[in-house]
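Construct the complete structure from the given sequences, taking the supplied hints into account.
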Amino acid sequence: MSGEVYTALLKALAMLDMKDISCYPVRVSAAGAIHGLLDNDYLPPEWYPLLQVLVGRIGNEDEENSILFQLLSSVVGAANENVADHIPYIISSLVCTISKRIHPSLEPWPQVVERGFAALALMAQSWENSMPEEAERNDSSEKWTSGQATIAKALSALLQQAWLTPIHSLEGEVSSSGSPPSCIDDASTLLRSIMLAVSESNVIGELKLSELLLVWADLIADWHAWEETEDLSIFDCIEEVVSLHSKYGLKNFIVRQMPSPPAPPVPPQSIIEGIGAFLSEAIVQYPSATWRACACVHTLLHVPNYSETEGVKQTLTIAFSRAAFSHFRRIQSKPCSLWKPLVLAISSCYLCYPDIVEGILEKEENGGFTIWGAALAYICSSSFEPSLSLETEIKLVVLTLTKVVERMLGLGNPGGSLLQDSYASLMEMSVRLKELQEETENDNDEEDEEEAEDEDDEESLDDDEDSEDDEHEETEAEFLERYARAALELESDSIVEEGDVEDQEREIELGKLIDSIFYIVSFKGSLAEIDPLKVMAELLQRYHNVLTQGQALPSQVISKFSNAFPQYTLFFQ
Numbered sequence: 001m002s003g004e005v006y007t008a009l010l011k012a013l014a015m016l017d018m019k020d021i022s023c024y025p026v027r028v029s030a031a032g033a034i035h036g037l038l039d040n041d042y043l044p045p046e047w048y049p050l051l052q053v054l055v056g057r058i059g060n061e062d063e064e065n066s067i068l069f070q071l072l073s074s075v076v077g078a079a080n081e082n083v084a085d086h087i088p089y090i091i092s093s094l095v096c097t098i099s100k101r102i103h104p105s106l107e108p109w110p111q112v113v114e115r116g117f118a119a120l121a122l123m124a125q126s127w128e129n130s131m132p133e134e135a136e137r138n139d140s141s142e143k144w145t146s147g148q149a150t151i152a153k154a155l156s157a158l159l160q161q162a163w164l165t166p167i168h169s170l171e172g173e174v175s176s177s178g179s180p181p182s183c184i185d186d187a188s189t190l191l192r193s194i195m196l197a198v199s200e201s202n203v204i205g206e207l208k209l210s211e212l213l214l215v216w217a218d219l220i221a222d223w224h225a226w227e228e229t230e231d232l233s234i235f236d237c238i239e240e241v242v243s244l245h246s247k248y249g250l251k252n253f254i255v256r257q258m259p260s261p262p263a264p265p266v267p268p269q270s271i272i273e274g275i276g277a278f279l280s281e282a283i284v285q286y287p288s289a290t291w292r293a294c295a296c297v298h299t300l301l302h303v304p305n306y307s308e309t310e311g312v313k314q315t316l317t318i319a320f321s322r323a324a325f326s327h328f329r330r331i332q333s334k335p336c337s338l339w340k341p342l343v344l345a346i347s348s349c350y351l352c353y354p355d356i357v358e359g360i361l362e363k364e365e366n367g368g369f370t371i372w373g374a375a376l377a378y379i380c381s382s383s384f385e386p387s388l389s390l391e392t393e394i395k396l397v398v399l400t401l402t403k404v405v406e407r408m409l410g411l412g413n414p415g416g417s418l419l420q421d422s423y424a425s426l427m428e429m430s431v432r433l434k435e436l437q438e439e440t441e442n443d444n445d446e447e448d449e450e451e452a453e454d455e456d457d458e459e460s461l462d463d464d465e466d467s468e469d470d471e472h473e474e475t476e477a478e479f480l481e482r483y484a485r486a487a488l489e490l491e492s493d494s495i496v497e498e499g500d501v502e503d504q505e506r507e508i509e510l511g512k513l514i515d516s517i518f519y520i521v522s523f524k525g526s527l528a529e530i531d532p533l534k535v536m537a538e539l540l541q542r543y544h545n546v547l548t549q550g551q552a553l554p555s556q557v558i559s560k561f562s563n564a565f566p567q568y569t570l571f572f573q
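Oh and the sequence shown: position 288 is 288 in the UniProt record's numbering, straight run, nothing missing.
Certain hints may be false.
Claimed, not checked - Dumping the calculated DSSO-like pairs for lysine-lysine here, alpha-carbon to alpha-carbon at most 30 Å:
1) 363 <-> 334
2) 534 <-> 560
3) 434 <-> 534
4) 560 <-> 434
5) 153 <-> 208
6) 19 <-> 100
7) 403 <-> 560
8) 100 <-> 153
9) 534 <-> 403
10) 100 <-> 11
Unchecked claim - Cβ-Cβ distance ranges computed for the label pairs, FRET-style:
11) 310 <-> 222: 24 to 34 Å
12) 311 <-> 549: 35 to 45 Å
13) 222 <-> 19: 47 to 57 Å
14) 541 <-> 412: 13 to 23 Å
Note that these hints are calculated values from the structure, not bench results.
Just so we're clear, the structure is a prediction, and the values are computed from it rather than from any experiment.
In this text, a Cβ means the ideal position worked out from N, Cα and C, and glycines have one as well.
Here it is, written out as structure tokens:
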């Protein structure tokens, strides 16, 4: 029955106007009905005829276009990989239609353009999801790469018209101050899709990526629409931009070129400065964006190579530490999950410029350095949730605690509570890091053994595991217990914002760091290459006599540390 209804609706959707009689009401009704079928999990026997009708009809009337774009988004979402092969052609066709409806003025774009951008973003994401796995990369990989190149060219042309055409001055300089902020979230998805097509440096110029990124960075630097959207694709774009710059180098990424006369000899902000302004605002103002924004702080500080542009890195560090501490001060009265990203963001800043960040914390609040240091020690405790579980997180914490302990020793107060708490946390985190590294090594060994086993045995084992999983169903008691826990979290205001749970599992970027940042160890290279346990050991070897003068560490901490590092047992006797 549903098949017959769908066939009739498809014919109605394709119905043409008859002389003076408009069939617009029929087509709109059919579009709504097909949308309803898809929502009720009806899947057409063939998707291509429906796509043909939609692409063919889009472009005739703006009001109808908005409805058709909405239906197209639903079709792509429901069909998934079933329509992937058609996406490059569809995107190229739709870009031409959307381009004709982008206003040359600086007014907000019409609804048809906004829905068009939303449909393009969904299709670009769907195409990315269809990327072949590593093991399957052969002819299908070449096909995907070719399709991505087609998509990138079309989307680049669209964004150039939307962003660059209205803002070229007579002198040929680009000034993004007048570029419309419409569809910035979907546009970020499109921009990221363009970057995915870059396989060599010359493609960056062909796609006008540096110019587009300058406009985009200026737009997000002054964007204040978090309350209107739950999609955070801007952060995905930020991560891709930094990755692209690390591979090929982007013009105007860290320092923007000086404008030509008669423009004032004051360079506008670079790409990374625009991103930095956006992240600082997100950290201060929007709790739902805090996890992602703080994750990007680590990326921006540690991945790019600043070399002769340390001033830019210093400016970013100041802005990030001030923003993170400002947010932390508002929530410091009661430990909560947001402590973790904020405290770790300040930690990254502190590793870059310890003296500057300490000064900022003290300026923001008397005793600010101690407040942050105490919070850092607290998030290391077993009572804090979400706990530090990722290796990169623990590495960052071990390195930061080492610097804090060294700083407190420099103040000449070995009996201070912050020093003792930081020292105890350093011991505990060092043990946890070693355990985690050993677990990783064991897991790798087990994976190698599993790969060496016979494939038939693996399949049999998988079948057994699947059957065991299928047998277990949640009981009523488990269901009630789960919802009781959720209710308690709501009552205590400890539940995190939507989307934050996934963000908590993101690894921290530990890329490049300034030379010889640690006074206790001479090191040049990236933070990711530093062995935090070696840094901790050198601190212990140098200062153990002073550290033992203060309040004694808990016996449990010493016992665990001695078991993990028996070579240092002598220091505690």
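Comparing the hints with the structure gives:
no., hint, verdict
1, 363 <-> 334, "22 Å, holds"
2, 534 <-> 560, "18 Å, holds"
3, 434 <-> 534, "11 Å, holds"
4, 560 <-> 434, "11 Å, holds"
5, 153 <-> 208, "10 Å, holds"
6, 19 <-> 100, "26 Å, holds"
7, 403 <-> 560, "22 Å, holds"
8, 100 <-> 153, "17 Å, holds"
9, 534 <-> 403, "13 Å, holds"
10, 100 <-> 11, "28 Å, holds"
11, 310 <-> 222: 24 to 34 Å, "26 Å, holds"
12, 311 <-> 549: 35 to 45 Å, "41 Å, holds"
13, 222 <-> 19: 47 to 57 Å, "51 Å, holds"
14, 541 <-> 412: 13 to 23 Å, "20 Å, holds"
Against the hints set out earlier in the document, no violation occurs for any number.
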